[in-house]
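Throw the hints in and build the complete structure from the sequences for me.
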Amino acid sequence: MAIMFVLAIYFLLPIYFLFVAATKPQGDLVSTFGLAFSHFRLFENLGDLFGRSNGIFVQWALNSVIYAVLGAGVGTLISALCGYALAKFRFRGREFLFSVILGGVLVPTTALALPLFLLFSAAGLVNTYLAVFLPSIVSPFGVYLARIFASAAVPDEILESARLDGAGELRTFFSVSVRLMTPSLVTIFLFQFVAIWNNFFLPMVMLQKESLFPITLGLYEWNGQTVHIPDLQESVITGALVSVVPVIIVFVLLQRFWRSGLAAGSVK
Amino acid sequence: MTDLAVTAAGGRRRRGVGRPRAVTILAFVLPFILPFVLFYLVPVAYAVWQSFLVVRRTGGEYGTLYTTFGGFTQYAQALQNSEFWGSIGRIALFGIVQVPVMLFLALAMALLLDAPMLKLKSFFRIAAFMPYAVPGVIAAIMWAFLYSPQLSPVVELFKGIGLQPDFLGPGAVLWSAANVSTWLWTGYNMLIMFSALQAIPPDLYEAARLDGASDWAIAWRIKVPIIAPSIVLTTVFSIIGTLQLYAEPAVLRQISSNISSTFTPNMLAYAVASGNNYQQAAAISVLLAVITFVLSVGFMRLTSRRVGL
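Chains as they are written, first to last, in the numbering used here: chain A, 1 to 268; chain B, 1001 to 1309.
Hints were generated in silico from the structure; no laboratory data involved.
Just so you know, these numbers come straight off a predicted model, no measurement behind them.
Careful: at least some of the hints might be erroneous.
Covered by chain B, per the in silico footprint, the following chain A stretches (three or more residues, Cβ under 8 angstroms) [claimed, not checked]: (1) 16-23; (2) 88-99; (3) 160-170.
We put the beta carbon where it would ideally sit given N, CA and C, even for glycine.
Next up, the structure:
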């Protein structure tokens, strides 16, 4: 019990520190103790954050949401279709295809992002939303999960009776199987959402235009400038808090989906 | 061949798995396969191709540049580069310490959460999993403030008991980065192990208990061997994650002069690519992919023989 409390403090302390720091005026960051509140200035800090550089932070937040929601949405749909086919249809090369897709998990970020940059600059896609969005929709791990979930959640008997009724496979998928797979689709969506939300290397390689940045890249750039513009420090802290809190809330609310997903992921 | 024919030929009913027309199967797999090929396989093939090229000059110093096939020249150069070995050495040291510490912590927490007498289970579970919601860059920025000598409450607390820790010093900075990774991923790994523990039917413990086995004995002799596949899985994920380390050291580099631009292999590849030597960067990336593959598959092979998966 005591060990668990020490660990819980370890996990929560940095987030608590961030919250306390986000409520302070810039001057108090250095002069007051980091874990105790001083002047409560959270709302002014938020105003500063959202007002800085013509509201660029709002743009970054919006970009993060666009990349993560659209990317995870499209990504979940195509992973589900592919994983479902791998689980439910018998066809030549099925296991080979699955191995190649799983192998994708092992490819290092630089091995992908750097050549992608060269290919995308040849295609004129660098510095566009598509440069970050298109690679984000591919999730080999999502296909892996979809295959496991589909074999567990969709009974063959239902598919057979749908076939006897003369329904096409795609129609059966969208009207019957998707409903049975809904909890697992939420899991895949969450995993991919977090992966895109956290992504940093790909946007860093692809984007120079600040207006296209996601929050991670924007705060990273600001953090690098605090040496010259100390005032930015308070905005980096407040921005970090703003980017973390909504996701934590969604997390806690959707916990049961995570647990079912992680459980399935650990079955070999 | 129809399902019926298969059934007759096989002499047993193959349950369920349909064999729709090729067009139907393509309609299901192509929406994923197409982007997968374009944004995964093509870049990898392109990186491999690039890694075999070299840029040369015609004639003397003022000749024009041209690109030509260079065989393993880029690989030979990477393998002779002391910065490459430096970065490999650093993440090897990082991984050998950080991965076991993190997974041991995760396992211990999972076992404690699974023990019947523990109170406040859901609080501990959520607390541990919360860092997973924090992007690596943001986590590193948060911890950077906690390491900074000017405004860290942690440094101040240490000063209170007469210590002067320098989290960003040359000897400590690698472990400060390791701490960020541990903070981020312990809860995630713990939850994978915990989910596996929950799937074990409780009556399995009853016989052991009748034989007088203690809770510890049950944990180490029964629970841990059963969830071994999950432990293997988390280890493989952690090995892959360690080899791809980028964001955390890149952020700490913004406040510490003790992190070079070539601190990890990914940082080295990026630095080399920024210097416009894409061919060399490609060779480094390919080497890293090969190392990742060998280590993950090697570890899985090794443990599957031991554990009997």
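Now the hints, each set against the structure:
Counting residues of the stretch 16-23 of chain A whose CB lies closer than 8 angstroms to any CB of chain B gives 3, so the stated coverage by that chain holds, three being the minimum. Counting residues of the stretch 88-99 of chain A whose CB lies closer than 8 angstroms to any CB of chain B gives 5, which reaches the minimum of 3, so the coverage claim holds. A stretch counts as covered by a chain when three or more of its residues have a beta carbon under 8 angstroms from one of that chain; for the stretch 160-170 of chain A and chain B the count is 5, and the coverage holds.
In terms of the numbered hints stated before, the structure departs from none.
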